[in-house]
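The chain contents come next:
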Amino acid sequence: MIAKIICFALNGLDGVPVEVEADVNKGVPSYEMVGLPDTAVKESKERVRSALKNSGLLFPMNRITINFAPADLKKQGASFDLAIAVSLLKASEQLVGANVSDTVFLGELSLNGDLRPVNGLLPILISAKGRGYQKFIVPVGNAREASFLGGAEIYPAVSLTDVVKHLIGIKPILPLETTEFVAGAKGNYSADLKFVKGQPMARRALEIAVAGGHNLLMAGPPGTGKTMLARCLPTVMPDLTFEEALEITKIHSVAGTLGEEGIVTTRPFRTPHHTATTVSMCGGGNRVVHPGEISLAHGGVLFLDELPEYKRSTLEALRQPLEDGKITVSRAGGSYTYPSRFMLCASMNPCPCGNYGSANQTCTCTPSEIRNYRKKISGPLLDRIDLQVEVDNVTYDELTSRERAESSAEVKARVDEARKIQRARFGDYGIVTNAEMGEREISAFCALSEEGDKILRETFEKMHLSARARARIVKVARTIADLDFSENILPKHVYEAASYRLYDKLS
Amino acid sequence: MYSDIEKAIVNLNYFTEGDYREKVVRLRKMLKEGISEKDIKSKKSDKLFAFLEKKNYFAVTIASSDYPEALKATDEAPLVLFGAGNRELLKKRKFCIVGSRITPSWAEAVTKRISGELSETFTIVTGLAEGGDRAAIDGAIGSGNLITVLPCGLDVCYPAAHYALKDKIEKSGLLLSEYFFGEQARSYSFHARNRILAGLAEGVLVVSAGARSGTSITAGKALDYGRDVFALPYNVGVRQGEGCNALLKKGATLVTDSEDILSYYGVQKKKRVSVLLSAEEEKVLNVLREEGELHTAVIAERTGLKIYEATAALSSLEIKNLAVKAGGNRYSAL
Numbered sequence: 000m001i002a003k004i005i006c007f008a009l010n011g012l013d014g015v016p017v018e019v020e021a022d023v024n025k026g027v028p029s030y031e032m033v034g035l036p037d038t039a040v041k042e043s044k045e046r047v048r049s050a051l052k053n054s055g056l057l058f059p060m061n062r063i064t065i066n067f068a069p070a071d072l073k074k075q076g077a078s079f080d081l082a083i084a085v086s087l088l089k090a091s092e093q094l095v096g097a098n099v100s101d102t103v104f105l106g107e108l109s110l111n112g113d114l115r116p117v118n119g120l121l122p123i124l125i126s127a128k129g130r131g132y133q134k135f136i137v138p139v140g141n142a143r144e145a146s147f148l149g150g151a152e153i154y155p156a157v158s159l160t161d162v163v164k165h166l167i168g169i170k171p172i173l174p175l176e177t178t179e180f181v182a183g184a185k186g187n188y189s190a191d192l193k194f195v196k197g198q199p200m201a202r203r204a205l206e207i208a209v210a211g212g213h214n215l216l217m218a219g220p221p222g223t224g225k226t227m228l229a230r231c232l233p234t235v236m237p238d239l240t241f242e243e244a245l246e247i248t249k250i251h252s253v254a255g256t257l258g259e260e261g262i263v264t265t266r267p268f269r270t271p272h273h274t275a276t277t278v279s280m281c282g283g284g285n286r287v288v289h290p291g292e293i294s295l296a297h298g299g300v301l302f303l304d305e306l307p308e309y310k311r312s313t314l315e316a317l318r319q320p321l322e323d324g325k326i327t328v329s330r331a332g333g334s335y336t337y338p339s340r341f342m343l344c345a346s347m348n349p350c351p352c353g354n355y356g357s358a359n360q361t362c363t364c365t366p367s368e369i370r371n372y373r374k375k376i377s378g379p380l381l382d383r384i385d386l387q388v389e390v391d392n393v394t395y396d397e398l399t400s401r402e403r404a405e406s407s408a409e410v411k412a413r414v415d416e417a418r419k420i421q422r423a424r425f426g427d428y429g430i431v432t433n434a435e436m437g438e439r440e441i442s443a444f445c446a447l448s449e450e451g452d453k454i455l456r457e458t459f460e461k462m463h464l465s466a467r468a469r470a471r472i473v474k475v476a477r478t479i480a481d482l483d484f485s486e487n488i489l490p491k492h493v494y495e496a497a498s499y500r501l502y503d504k505l506s
Numbered sequence: 000m001y002s003d004i005e006k007a008i009v010n011l012n013y014f015t016e017g018d019y020r021e022k023v024v025r026l027r028k029m030l031k032e033g034i035s036e037k038d039i040k041s042k043k044s045d046k047l048f049a050f051l052e053k054k055n056y057f058a059v060t061i062a063s064s065d066y067p068e069a070l071k072a073t074d075e076a077p078l079v080l081f082g083a084g085n086r087e088l089l090k091k092r093k094f095c096i097v098g099s100r101i102t103p104s105w106a107e108a109v110t111k112r113i114s115g116e117l118s119e120t121f122t123i124v125t126g127l128a129e130g131g132d133r134a135a136i137d138g139a140i141g142s143g144n145l146i147t148v149l150p151c152g153l154d155v156c157y158p159a160a161h162y163a164l165k166d167k168i169e170k171s172g173l174l175l176s177e178y179f180f181g182e183q184a185r186s187y188s189f190h191a192r193n194r195i196l197a198g199l200a201e202g203v204l205v206v207s208a209g210a211r212s213g214t215s216i217t218a219g220k221a222l223d224y225g226r227d228v229f230a231l232p233y234n235v236g237v238r239q240g241e242g243c244n245a246l247l248k249k250g251a252t253l254v255t256d257s258e259d260i261l262s263y264y265g266v267q268k269k270k271r272v273s274v275l276l277s278a279e280e281e282k283v284l285n286v287l288r289e290e291g292e293l294h295t296a297v298i299a300e301r302t303g304l305k306i307y308e309a310t311a312a313l314s315s316l317e318i319k320n321l322a323v324k325a326g327g328n329r330y331s332a333l
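Protein chains in written order, with numbering that gives the first Met the number 0: chain D, 0 to 506; chain X, 0 to 333.
So that you can see chain X by itself, here it is in the shape it has in the complex:
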């Protein structure tokens, strides 16, 4: 199962005294120079690995054959990643989608759709937070091509409300963490986690980001690592979009559709099945496409429909994934 050197790395990483950062530096140096036979022999304790097996967890070390190459190439790569779920996903092409916790409804809907369409080609990498991350998860979880990187031990759930969701990901996708079991999420562990998100993926799509948000850190790391950065565009003055627009200014690729990303990587997008629309739905959709986010009453007026006809048409468009409700009875087209 695990080679002696893998065991030694895990044990040296988590079971030796001293400052974690110093330990990592020392280990890195040791790895470069080659770990001595003596170290390997003294550090190949099996205790932890029995535990991992019992819990259906696994550890992948920088010396393992399936350690993701892209991540390994960064100089901040974690030496050990604990995983739960489908290990095969590590070898697949990966694309990262991140967003802040407060993401507008339309962006969540767009993210979910893009994530779903990308997950046919890529394994989607994201976090477990509300908002943007959640939308990416919702889009990709059906296909199972989903990796979620946690800022805490694999057995800890943050946010706690996503406990069931985390379980579901473990069953169909893959959970990863560099933290030891039982370790709680701390403010700095989110920053550290973000480097793994960026490191794993070929490209990063930022779906929402305030001026100073954790999402910007992921994007910054992605730039450092030379990853492709994509962003959704926002209206001027929308706070949750300031970070996205700043990225676009710096040269990120503007994304409104999964095709923008797929064609960037030279992948042909599958044709979306066209849906049959009634005359009312057609009218409503056209108004939405022309004017952007609108209030139901305004839509009814513009289309000349009765308010309840407009409500029914909007509800139908929402179910057909062509429009999204933004709260306050406002809708926008997708």
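Chain D extracted, bound-state conformation:
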């Protein structure tokens, strides 16, 4: 007899339906698998055999053929185990009366018949639901993640025995209740701006960067709090919407980095070490193409500490995803596109000895040494970083009064307001933040007064700026004006924006 069971394979961030067909026939006992299964899938033979036996079920001693359709898609991973087991049971008539045709089975089996969680469950569920599937049997370990889907019957099973009892109706499993998504449910970032002492200029730059979605570079001597400031970035970013959270969760689910919570509720903060390879940064792998750091940082912050220490080629590889917000990784097995719309925050020392601009140490570097150090970062990359700010190690003894440091929540409130203005402005343009503006949007929304235009021209002459840098200053000025609730870009906004192009001055 032949049985057909629906399972799903992962292709990038999409689930692709795979039919698992089992044929149990008379003949010399054998157990064959066809339909392009990879090693992990083939190995399921033994897991399924043991799991069946140890669950008190019968492993048919006949001629068994398992087929995976479509036959041209490479099947990877262990998530087919449950589907294979169920198809065998159905084909060997151990599931009499059970309707399995409209149910999707997902899960890896252990030898004793328990179901193990699989990676990438949420993307599969989302794709499957989109294709009209309504019933799912999933490992109980994935239950939390699956419960966010909503609008589908999802049955979390502990073991193969549970699944069989559920299917033949002895002991039905209760479908999962949909969990309501609450942004920041875990709610506590360990960092907060109120713990950052001083650094008013850097704080301001950080606020502008988040408000307008700009990338940020902090330069300063060692130990001035660059990393701490960067860690505060996610805390002032707008709350995740459910759609954003789902998209981020999909990536983390595929990468297997999803925590117990089952969904990402806080914005990611990724800090790859500077020895990171291009592949680990952008995604890759020879069999399964894993999302890279830039995709794991999607919707959040990618923090590159000590920017000049990264390999040049790795940094250059960031340019295209920074522009497009997604990356396509092509391997022999196929092409996979992962989203990668992240905020880049980088830090660096101002010079090789680290003391340039320091209040209490003397810099021993010559101008050419400093220039060569900064040259390690290519112009095109620097061009994509709208805000460049110095972080200094002033002790603030010079200050008589001490202002209370604002908390992240206070800054975030202003950021939210600025974002609201931007959303209203870009309604029909398909972008969300000022940083994403192209030439068309700049000319539509960033008209400068005559005086503002004059200032910009003066600034260019003085700082020898490129045309691209001009656009960046205008965009930042737009964000500053938004934070100021000003409809027009005023001269003071342009001046302030110009002060954040630190490294353009060094020609």
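It is possible that part of the hints are untrue.
[Said to hold, decoys possible] Derived lysine-lysine pairs resembling DSBU-like cross-links, with alpha carbons at most 30 Å apart:
#1 X:K53 - X:K167
#2 X:K167 - D:K461
#3 X:K170 - D:K374
#4 X:K91 - D:K374
#5 X:K268 - D:K196
#6 X:K269 - X:K319
#7 X:K270 - D:K453
#8 X:K268 - D:K453
[Unchecked claim] Each pair of labels, with its calculated beta carbon distance range:
#9 X:S171 - D:Q360: 35 to 43 Å
#10 X:P232 - D:Q360: 51 to 59 Å
#11 D:S465 - X:A191: 51 to 59 Å
#12 X:D18 - D:H272: 40 to 48 Å
#13 X:K269 - D:R318: 56 to 64 Å
#14 X:R185 - D:T226: 51 to 59 Å
#15 X:D18 - D:T276: 52 to 60 Å
#16 D:R403 - X:N285: 49 to 57 Å
#17 X:N285 - D:T336: 38 to 46 Å
#18 X:P232 - D:T226: 37 to 45 Å
#19 X:S171 - D:E438: 48 to 56 Å
#20 X:A245 - D:E308: 34 to 42 Å
[Stated by the list, open to error] Computed far set for chain X versus chain D, every beta-carbon distance over 12 Å:
#21 E129
#22 G143
#23 P232
#24 Q239
#25 E258
#26 A325
#27 R329
In short, the hints are calculated from the structure, not lab data. Values in this document were obtained by computation on a predicted structure and should not be read as measured data. The beta-carbon is built from N, C-alpha and C at its ideal position, and this holds for glycine as well.
Since chain D is already given, all that's left is putting chain X on it; use the hints.
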């Protein structure tokens, strides 16, 4: 183009066997006593001069009519100078500005301004190094009244990073060198070059100099040649200013503005166009003028401005050339 005697000097200087220094001594003696007809005839080869013409270079010898008089008067004057660019500048009044490679931002800004204002009256003479020299170049290059003396052949660029800058000077100003083409810069050639800097100019302004720096050599030569020496003043304890303060102690003229130099030479300074300042900019500038170099946060506190208002005001003052950023978010007034 070149007279026979000029050709002979160039050829004797670069194309005869023997130690360079001995050669120069011999040549000098020959020049004093008059070069013999025989020497002139044997040494008037045209090969080099064809090359010079092709490359748009020129040679000016101590026997040439436009050899700078001031330099000729020193007993260490080079017999031949190769040049590229505007030869006319040799005849103009010259003033030398030098500084060490590590020069504080405020001094660079002041130098650039002084150099720019002086270049309306003088041709600025300087080197091609980073820091002080670079600031002097940046100030004067717009007017074209700029002579840069190299410590290497005209076709060599040291530092290599200034290749484009050197090209620009050749186009609008003048490059000079006593070294033959292809000759690399060596530690001693900087010392030798410095004597030409001092020799060419009526006065020398030292904008930054450590206790033992090449800049001090230029200043020392200037004193030897009886040139006027000027220096920027520095705070006590600032290493890049020790040489400047030492010069001031010895009697150099203290300079804070181009007017100090121009009035020394009896030249009326052109009035600087006054710029309109906003109330915030005015406040910030006043605090800077009172207290010297300050951190942005401190400026904001002193003026009662929000930090971002102070940032905008400072950025504007910088663009208007009234303040300069010193690194570490510190600013000072100009």
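These are the hints, each one checked on the structure:
1. X:K53 - X:K167: 19 Å, holds
2. X:K167 - D:K461: Holds: K167 (chain X) and K461 (chain D) sit about 18 Å apart, inside 30 Å.
3. X:K170 - D:K374: 27 Å, holds
4. X:K91 - D:K374: Distance of about 39 Å is beyond 30 Å: violated.
5. X:K268 - D:K196: Violated. K268 (chain X) to K196 (chain D) sits at ~48 Å, over the 30 Å cutoff.
6. X:K269 - X:K319: Distance ~18 Å between K269 (chain X) and K319 (chain X) Cα, so the pair holds.
7. X:K270 - D:K453: 23 Å, holds
8. X:K268 - D:K453: 28 Å, holds
9. X:S171 - D:Q360: 35 to 43 Å: 39 Å, holds
10. X:P232 - D:Q360: 51 to 59 Å: With a Cβ separation near 24 Å, P232 (chain X) and Q360 (chain D) fall outside 51 to 59 Å, so the hint is violated.
11. D:S465 - X:A191: 51 to 59 Å: With a Cβ separation near 40 Å, S465 (chain D) and A191 (chain X) fall outside 51 to 59 Å, so the hint is violated.
12. X:D18 - D:H272: 40 to 48 Å: 59 Å, violated
13. X:K269 - D:R318: 56 to 64 Å: For R318 (chain D) against K269 (chain X), whose Cβ atoms are near 48 Å apart, the range 56 to 64 Å is violated.
14. X:R185 - D:T226: 51 to 59 Å: Because 45 Å falls outside the window, the suggested range is violated.
15. X:D18 - D:T276: 52 to 60 Å: With Cβ atoms ~58 Å apart, the hint holds.
16. D:R403 - X:N285: 49 to 57 Å: Because 28 Å falls outside the window, the suggested range is violated.
17. X:N285 - D:T336: 38 to 46 Å: This hint is violated: roughly 57 Å between Cβ atoms.
18. X:P232 - D:T226: 37 to 45 Å: With a Cβ separation near 40 Å, P232 (chain X) and T226 (chain D) satisfy 37 to 45 Å, so the hint holds.
19. X:S171 - D:E438: 48 to 56 Å: 35 Å, violated
20. X:A245 - D:E308: 34 to 42 Å: For A245 (chain X) and E308 (chain D) the Cβ distance comes to about 41 Å; the hint holds.
21. E129: Label violated. Min Cβ-Cβ 4 Å, cutoff 12 Å.
22. G143: At about 18 Å from chain D, G143 (chain X) clears the 12 Å cut-off, so the statement holds.
23. P232: 19 Å, holds
24. Q239: Answer for Q239 (chain X): violated, closest chain D Cβ roughly 10 Å.
25. E258: 23 Å, holds
26. A325: 7 Å, violated
27. R329: 7 Å, violated
Comparing the model with each earlier hint shows violations of hints 4, 5, 10, 11, 12, 13, 14, 16, 17, 19, 21, 24, 26 and 27; every other hint is respected.
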